[in-house]
Amino acid sequence: MTRGQKRTLGRIIGALALFAIGLVLGGDRCGGWLKAGFMLAAWLLAGYDVLWDAIRGILRGQVFDENFLMALATVCAIAMKDWGEAAAVMIFFQIGELFEQIAVERSRKSISSLTELRPDFAVVLRDGKETRVDPEEVSEGDILVVRPGERIAVDGVVVSGEGALDTASVTGESMPADVAPGSAAVSGSVNLSGVLQIRAESAYEHSTVARILTLVENAEEKKSASERLITRFAKYYTPSVIGAAVLLAAIPPIFFGQPFSEWLTRALTFLVISCPCALVISVPLAFFSGMGAAARLGVVVKGGGTMEQLAKLDTVVFDKTGTLTEGEFSVQSIVCFEGTEAGLLRVAALCEGHSNHPLASAVQKACPDPKGTVESVREVAGNGITALIDGRAAAVGNLRLMERLGLVPAPVDAIGTVLYVALDGKCIGAIIVSDTLREGAAETIEQLHNMGVRRTVMLTGDREETARHYAKRLGLAEYRAKLLPQDKVTAVEGLLGSCGKNRTLAFVGDGVNDAPVLTAANAGIAMGGIGSDAAVEAADAVLLNDDLTRIPLLLRISRKTCGIAKQNIAFALAVKAVCLVLGALGYAPMWLAIFADVGVAVLAILNSFRALRVRQD
Numbered sequence: 000m001t002r003g004q005k006r007t008l009g010r011i012i013g014a015l016a017l018f019a020i021g022l023v024l025g026g027d028r029c030g031g032w033l034k035a036g037f038m039l040a041a042w043l044l045a046g047y048d049v050l051w052d053a054i055r056g057i058l059r060g061q062v063f064d065e066n067f068l069m070a071l072a073t074v075c076a077i078a079m080k081d082w083g084e085a086a087a088v089m090i091f092f093q094i095g096e097l098f099e100q101i102a103v104e105r106s107r108k109s110i111s112s113l114t115e116l117r118p119d120f121a122v123v124l125r126d127g128k129e130t131r132v133d134p135e136e137v138s139e140g141d142i143l144v145v146r147p148g149e150r151i152a153v154d155g156v157v158v159s160g161e162g163a164l165d166t167a168s169v170t171g172e173s174m175p176a177d178v179a180p181g182s183a184a185v186s187g188s189v190n191l192s193g194v195l196q197i198r199a200e201s202a203y204e205h206s207t208v209a210r211i212l213t214l215v216e217n218a219e220e221k222k223s224a225s226e227r228l229i230t231r232f233a234k235y236y237t238p239s240v241i242g243a244a245v246l247l248a249a250i251p252p253i254f255f256g257q258p259f260s261e262w263l264t265r266a267l268t269f270l271v272i273s274c275p276c277a278l279v280i281s282v283p284l285a286f287f288s289g290m291g292a293a294a295r296l297g298v299v300v301k302g303g304g305t306m307e308q309l310a311k312l313d314t315v316v317f318d319k320t321g322t323l324t325e326g327e328f329s330v331q332s333i334v335c336f337e338g339t340e341a342g343l344l345r346v347a348a349l350c351e352g353h354s355n356h357p358l359a360s361a362v363q364k365a366c367p368d369p370k371g372t373v374e375s376v377r378e379v380a381g382n383g384i385t386a387l388i389d390g391r392a393a394a395v396g397n398l399r400l401m402e403r404l405g406l407v408p409a410p411v412d413a414i415g416t417v418l419y420v421a422l423d424g425k426c427i428g429a430i431i432v433s434d435t436l437r438e439g440a441a442e443t444i445e446q447l448h449n450m451g452v453r454r455t456v457m458l459t460g461d462r463e464e465t466a467r468h469y470a471k472r473l474g475l476a477e478y479r480a481k482l483l484p485q486d487k488v489t490a491v492e493g494l495l496g497s498c499g500k501n502r503t504l505a506f507v508g509d510g511v512n513d514a515p516v517l518t519a520a521n522a523g524i525a526m527g528g529i530g531s532d533a534a535v536e537a538a539d540a541v542l543l544n545d546d547l548t549r550i551p552l553l554l555r556i557s558r559k560t561c562g563i564a565k566q567n568i569a570f571a572l573a574v575k576a577v578c579l580v581l582g583a584l585g586y587a588p589m590w591l592a593i594f595a596d597v598g599v600a601v602l603a604i605l606n607s608f609r610a611l612r613v614r615q616d
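For the record, in the sequence shown the residue sitting at position 575 is 574 according to numbering that gives the first Met the number 0, with numbers rising by one throughout.
Hints listed in this document are in silico derivations from the structure and should not be mistaken for laboratory results. Fair warning: this is a prediction, and the values are worked out from it, not measured in the lab. It is possible that some hints are incorrect.
[What the hints assert, rightly or not] Have a look at the derived ranges for each label pair, beta carbon to beta carbon:
1. A441 x R502: 16 to 26 Å
2. L8 x S329: 57 to 67 Å
3. D133 x H468: 42 to 52 Å
4. R612 x A380: 53 to 63 Å
5. Y47 x P588: 17 to 27 Å
6. A569 x G13: 32 to 42 Å
7. L572 x P175: 45 to 55 Å
8. A243 x G562: 29 to 39 Å
9. R131 x G371: 44 to 54 Å
[What the hints assert, rightly or not] Restricting the straight-line Cα-Cα distance to at most 27 Å, the calculated cross-link-like pairs of lysine-lysine (DSS-like) are:
10. K34 x K80
11. K311 x K34
12. K80 x K311
Built from N, CA and C at the ideal position, the CB exists for glycine as well.
With the hints as constraints, model all of the structure from the sequences given.
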């Protein structure tokens with residue numbers, strides 16, 4: 000419990016004690032005045048801040064708020080010598096405020112855990128000495144020294160030392176990540192063991208932690224349609240009910256000769272009932288809680304409006320490379336015409352060891368330490384590489400290279416890029432290299448279908464047969480192939496038009512060329528770990544750990560959050576409508592008015608708490 004919450008709780012306990020003493024005092028003249036004194040003391044202790052805020056609001060011209068309503072209702076009750084009711088209203092109001100503070104703090108913790116990612120300092124090696132600097136002073140290429148328990152200031156690569164990093168705050172991944180020289184180190188992670196030296200790969204403003212902080216700051220500024228509706232509603236609602244209360248207190252006595260005190264009491268009860276606390280507090284709190292639940296899972300949602308769009312999801316469109324696939328080539332299979340797979344892979348790796356081509360890197364990873372002598376390496380642009388391996392003529396490349404060498408290899412039927420391998424004037428086999436499916440991609444698509452998403456579509460620049468192959472493996476019924484970046488925007492706009500009524504489309508992507516499509520969709524979801532700055536900036540939600548299985552969870556959170564917000568609106572309006580009618584007719588005592596205000600607010604706040612909880616199974 001925070002200091003402010005403890006202070007509020009102390010005031011409530013003190014006010015209740017004074018209220019209890021006032022209740023047990025006698026009704027004679029002396030006892031009556033003592034009772035009034037204790038009730039007034041309870042009222043002041045519980046509500047001095049409300050009274051002060053009401054006065055400041057009046058001075059600033061911001062009259063019609065909940066503080067003014069509470070102050071007006073209780074002051075009028077005191078004027079009518081209803082000391083106990085005035086104190087009780089203010090005490091129960093403070094109880095509601097305490098619940099609100101606890102609720103906001105609880106939901107804020109999930110998001111504030113992200114804002115605490117910023118390290119207080121960075122230790123940089125300069126001129127052979129360790130120097131403590133502000134993270135914003137770190138430049139690309141600097142060597143950072145990170146000891147156990149310290150947070151990594153900027154994204155980088157480990158150049159010395161071994162250890163484990165706690166990345167839970169950044170990615171939502173609970174298991175520590177082991178790192179060694181050559182391993183990536185994400186800013187915001189905490190070093191758990193070993194002294195690490197890390198080469199900065201970016202300045203602080205371009206680091207992962209800086210991007211996350213910017214996302215969180217922007218997220219809190221974006222309201223949902225429900226939140227905007229409540230804001231507009233409160234703006235017109237408060238003066239309306241005050242006007243209605245004035246008419247209720249004035250018309251019957253003036254025109255029908257009714258007792259003024261009775262109708263003034265009804266008007267005061269009407270005012271207390273009318274306080275829009277439940278709506279003003281609980282609806283934004285529901286969305287804030289939902290954003291907190293998503294943040295705990297490593298997903299930053301930029302405002303309640305995104306949740307409303309995701310809750311109505313009809314179509315999910317995926318970019319392929321870097322989203323449904325890892326975006327890195329790997330050896331998928333080996334076809335031998337002569338010899339063994341190991342021998343064929345060794346020859347290819349020795350040749351490709353002198354190339355920086357992505358396909359060459361895939362072969363090198365498959366055989367990281369080949370043994371042999373390599374001479375006379377020559378790269379044939381657009382075709383492949385020739386070399387002497389242990390004095391024997393070798394070549395690795397496409398079909399055109401084999402034809403240039405006078406070879407006619409057997410056809411290989413495979414999806415991906417086929418690298419033929421030749422040795423001593425013979426084609427001895429082929430290596431099939433292709434992109435790797437991202438872990439959890441097929442599972443994500445299946446879950447989305449089970450959750451009622453009508454269409455899942457893949458967009459790619461690959462040729463038709465490659466796109467068909469990946470779509471089949473992923474369980475996708477629809478795909479669009481051979482698309483340029485501008486074609487993806489056109490495709491998404493066409494799919495938007497075919498969404499069901501009041502249904503939306505989400506696009507999931509990662510690269511620079513995905514930014515326009517992310518903006519065009521109703522809800523853009525970016526891969527935050529590997530995604531470009533442009534994609535993250537354009538997106539409405541960001542997967543910090545690039546885990547696609549978080550998307551069904553995000554959909555579940557969004558639906559639950561929007562459902563809770565609607566429940567709060569319906570419950571608060573229904574109870575208030577009934578109680579307002581009863582109050583106007585004189586059938587609602589002050590305790591019912593208190594329930595209609597504070598009680599309904601507390602129940603709505605407790606309901607909003609449910610948005611913080613989400614099952615991950």
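Checked hints:
As the Cβ distance of A441 to R502 is approximately 24 Å, the hint placing it in 16 to 26 Å holds. Against the hinted window of 57 to 67 Å, the Cβ-Cβ separation of L8 and S329 comes to about 59 Å, which satisfies the hint. Roughly 50 Å separates the CB atoms of D133 and H468, a value that falls within the hinted 42 to 52 Å. Between R612 and A380 the Cβ separation comes to about 58 Å, which falls inside the hinted range of 53 to 63 Å.
For the pair Y47 and P588, the supplied restraint of 17 to 27 Å holds, since their beta-carbon distance comes to about 26 Å. In this structure, A569 and G13 meet the distance hint of 32 to 42 Å, their C-beta atoms being roughly 36 Å apart. At roughly 49 Å, the beta carbons of L572 and P175 sit within the given window of 45 to 55 Å. Restraint check, A243 to G562: a C-beta distance of roughly 32 Å satisfies the suggested window 29 to 39 Å.
Range check, R131 to G371: about 49 Å between beta-carbon atoms, so the 44 to 54 Å window is met. Our distance criterion of 27 Å between C-alpha atoms is met by K34 and K80, whose separation comes to about 11 Å. Proposed proximity of K311 and K34 is contradicted: the alpha carbons are some 57 Å apart, above 27 Å. A hinted pair counts as satisfied when its Cα atoms are at most 27 Å apart, and K80 with K311 does not qualify at roughly 53 Å.
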